[in-house]
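Engineer: Fit chain B to the given chain A structure using the hints.
Chains as they are written, first to last, in the numbering used here: chain A, 423 to 536; chain B, 765 to 876.
A couple of the hints might just be wrong.
Stated by the list, open to error - Straight-line alpha carbon distances no greater than 20 Å define the calculated SDA-like cross-link-like pairs of lysine to any residue that follow: (1) B/Lys775 / A/Pro462; (2) B/Lys821 / A/Pro462; (3) A/Lys464 / B/Arg786.
What the hints contain is simulated information worked out from the structure, not anything from laboratory work.
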Amino acid sequence: QQQVKQSPQSLIVQKGGIPIINCAYENTAFDYFPWYQQFPGKGPALLIAIRPDVSEKKEGRFTISFNKSAKQFSLHIMDSQPGDSATYFCAASTGSSNTGKLIFGQGTTLQVKP
Amino acid sequence: DTGVSQDPRHKITKRGQNVTFRCDPISEHNRLYWYRQTLGQGPEFLTYFQNEAQLEKSRLLSDRFSAERPKGSFSTLEIQRTEQGDSAMYLCASSPLADTQYFGPGTRLTVL
Numbered sequence: 423q424q425q426v427k428q429s430p431q432s433l434i435v436q437k438g439g440i441p442i443i444n445c446a447y448e449n450t451a452f453d454y455f456p457w458y459q460q461f462p463g464k465g466p467a468l469l470i471a472i473r474p475d476v477s478e479k480k481e482g483r484f485t486i487s488f489n490k491s492a493k494q495f496s497l498h499i500m501d502s503q504p505g506d507s508a509t510y511f512c513a514a515s516t517g518s519s520n521t522g523k524l525i526f527g528q529g530t531t532l533q534v535k536p
Numbered sequence: 765d766t767g768v769s770q771d772p773r774h775k776i777t778k779r780g781q782n783v784t785f786r787c788d789p790i791s792e793h794n795r796l797y798w799y800r801q802t803l804g805q806g807p808e809f810l811t812y813f814q815n816e817a818q819l820e821k822s823r824l825l826s827d828r829f830s831a832e833r834p835k836g837s838f839s840t841l842e843i844q845r846t847e848q849g850d851s852a853m854y855l856c857a858s859s860p861l862a863d864t865q866y867f868g869p870g871t872r873l874t875v876l
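The shape of chain A in the complex, shown without the other chains (with noise of 0.2 Å):
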């Protein structure tokens, strides 16, 4: 059962460019918007993550903007970096309501060129 949807699955930019990656879910009950950043052979790092109540939150060179009722949310990363290459997966919870466990989309791979 998918709930959440990501795109693209994989992007390449070049240094300096802005990826832009997409999430779309379905249950109107998630309240917990989370990106987490993957290097291979490692756990999933928390980047940024956003709340309903607001539109966009920046942290750093990561943005993320929400539209509530088109049930979006997006990361964008300003002035990408090499660093950066990595898999990045949105998620989505009902928050510490509920057990609070993350349904993840599928992932999106980024590579960023020198």
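Structural biologist: Here is chain B on its own, set in the frame of chain A:
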């Protein structure tokens, strides 16, 4: 290092053998999660503990899988009679009362 730790990092076993993985969460995190990740996919939820109580299990968790968290500290995940389809990365995450989950490095299981 005060992050989530998992042991072993890699495990190779033969089909039919039993394996056990350990997860040590961040100290004082009362929530602990197990996920499974296959190649090219996002992690999938397996089970959730709040302190020592196992409060949710995914339908992915067949009868061959069992998890424990005695005394609400570390957790173990055991797979009995392993099958080749069990080959995956098994991830543990811990969380305080809020939503933020911190993942460990994972245990990569290969079933021959």
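Engineer: Can the restraint linking A/Lys464 and B/Arg786 be considered satisfied, given a maximum Cα separation of 20 Å?
Structural biologist: holds, 16 Å
Engineer: Given the hint that B/Lys821 pairs with A/Pro462, does the C-alpha gap stay at or below 20 Å?
Structural biologist: violated, 27 Å
Engineer: Within a Cα-Cα threshold of 20 Å, do B/Lys775 and A/Pro462 meet the stated pairing?
Structural biologist: It holds: about 17 Å lies between the C-alpha atoms, which stays within 20 Å.
Of the numbered hints stated above, the single one contradicted by the structure is hint 2.
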